[in-house]
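Peer 1: Sequence:
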Amino acid sequence: MMQPHMDELCSVFPNEDGLFSDYYTEENSYEFCGHVLKITQNFSADLGVAAPVWDSALALCQYFEEQKMSFCERKVIELGAGTGIVGILAVLLGGDVTITDLPLALKQIESNVLANVPSSWAHRCQVRALSWGHNHNHFPTDYSFVLGSDIVYLPETYASLVRTLQHLSAQRATIYLSSKMRREHATDSFYEEILPQHFQCQLLCRNEEQNINLYKVTKKEPRAGEQ
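Using my numbering, you'd call the opening residue of the sequence shown number 1 and step up by one each time.
By construction, these hints were calculated from the structure, which means they are not laboratory data. Treat each hint with caution, since some may be false.
Result set (DSBU-like, lysine-lysine): computed pairs, CA atoms no more than 30 Å apart in a straight line [claimed, not checked]:
no. : residue 1 : residue 2
1   : K68       : K180
2   : K219      : K68
3   : K180      : K219
4   : K220      : K180
5   : K75       : K219
6   : K75       : K220
7   : K38       : K75
8   : K180      : K75
9   : K220      : K38
10  : K216      : K180
11  : K38       : K216
12  : K38       : K68
13  : K68       : K220
14  : K68       : K216
15  : K216      : K75
16  : K75       : K107
17  : K38       : K107
18  : K107      : K180
Label-pair ranges, simulated between beta-carbon atoms [as the list claims (entries may be wrong)]:
no. : residue 1 : residue 2 : range
19  : Q126      : S160      : 20 to 30 Å
20  : G34       : E73       : 17 to 27 Å
21  : N211      : H123      : 37 to 47 Å
22  : E26       : D142      : 30 to 40 Å
23  : E184      : K68       : 10 to 20 Å
24  : K220      : A129      : 28 to 38 Å
25  : G34       : Q126      : 20 to 30 Å
26  : G34       : N135      : 31 to 41 Å
27  : A122      : E184      : 38 to 48 Å
28  : E27       : E65       : 34 to 44 Å
29  : A129      : E209      : 29 to 39 Å
30  : S160      : E221      : 17 to 27 Å
C-beta atoms are modelled at their ideal positions from N, C-alpha and C, and glycine is treated no differently.
Modelling step: build the complete structure from the supplied sequences, incorporating the hints.
Peer 2: Structure follows, in structure tokens:
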């Protein structure tokens, strides 16, 4: 789901905790916007944090449902997709969607796309590898929406994430980011200090019980006299 290498992931979720140490598969169903999504999660040391459906992803899907969102004829990209649940819902809501993560997560995403996206809509969904700050230039700059859920938790990746967001939203995309606000990972610093240097950042809603914030992020308007 995230972009760091596995040694960095292990520093967040230590091996001795036993998390992801055994391989197993779990299938769950979720219903949003009138669509039932059947999502397979492949828990393993290789996939690590890319395996689960995180609460922040469900919160973003719930927001789309509450707002009656439509992505009809809009170009959408999801970052750090993990299981792909958010991007898959965007496809079902009419979007032309690119779902991205590191190469190790793509097989899981592709399987979930096949299970949920009708074959007649397959041309509106592609799954691609994207490593923030490294190969985002291989992607266009004309997306209407950029989506991300629980992708802000490792400070070492924040600068790369901002560069990638700047590239993908160069033509004034709307960015939706849903995050568990982990103090130990300086998530609040990303939204309150780092991101506002480059973007307008609006808190749309907060779930106190789950400690999840949902933000709308847009390109800063130039000041008077600036080009």
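Peer 1: Taking the hints in turn, state whether each one holds.
Peer 2: Taking the hints in turn, this is what the structure says about them:
| no. | hint | verdict |
| --- | --- | --- |
| 1 | K68 - K180 | holds (23 Å) |
| 2 | K219 - K68 | holds (24 Å) |
| 3 | K180 - K219 | holds (23 Å) |
| 4 | K220 - K180 | holds (24 Å) |
| 5 | K75 - K219 | holds (17 Å) |
| 6 | K75 - K220 | holds (21 Å) |
| 7 | K38 - K75 | holds (24 Å) |
| 8 | K180 - K75 | holds (26 Å) |
| 9 | K220 - K38 | violated (38 Å) |
| 10 | K216 - K180 | holds (15 Å) |
| 11 | K38 - K216 | holds (27 Å) |
| 12 | K38 - K68 | holds (21 Å) |
| 13 | K68 - K220 | holds (26 Å) |
| 14 | K68 - K216 | holds (16 Å) |
| 15 | K216 - K75 | holds (17 Å) |
| 16 | K75 - K107 | holds (22 Å) |
| 17 | K38 - K107 | holds (16 Å) |
| 18 | K107 - K180 | holds (25 Å) |
| 19 | Q126 - S160: 20 to 30 Å | holds (22 Å) |
| 20 | G34 - E73: 17 to 27 Å | holds (19 Å) |
| 21 | N211 - H123: 37 to 47 Å | holds (39 Å) |
| 22 | E26 - D142: 30 to 40 Å | holds (37 Å) |
| 23 | E184 - K68: 10 to 20 Å | violated (36 Å) |
| 24 | K220 - A129: 28 to 38 Å | holds (29 Å) |
| 25 | G34 - Q126: 20 to 30 Å | holds (24 Å) |
| 26 | G34 - N135: 31 to 41 Å | holds (36 Å) |
| 27 | A122 - E184: 38 to 48 Å | holds (41 Å) |
| 28 | E27 - E65: 34 to 44 Å | violated (21 Å) |
| 29 | A129 - E209: 29 to 39 Å | holds (35 Å) |
| 30 | S160 - E221: 17 to 27 Å | holds (25 Å) |
Of the numbered hints listed earlier, those contradicted by the structure are 9, 23 and 28.
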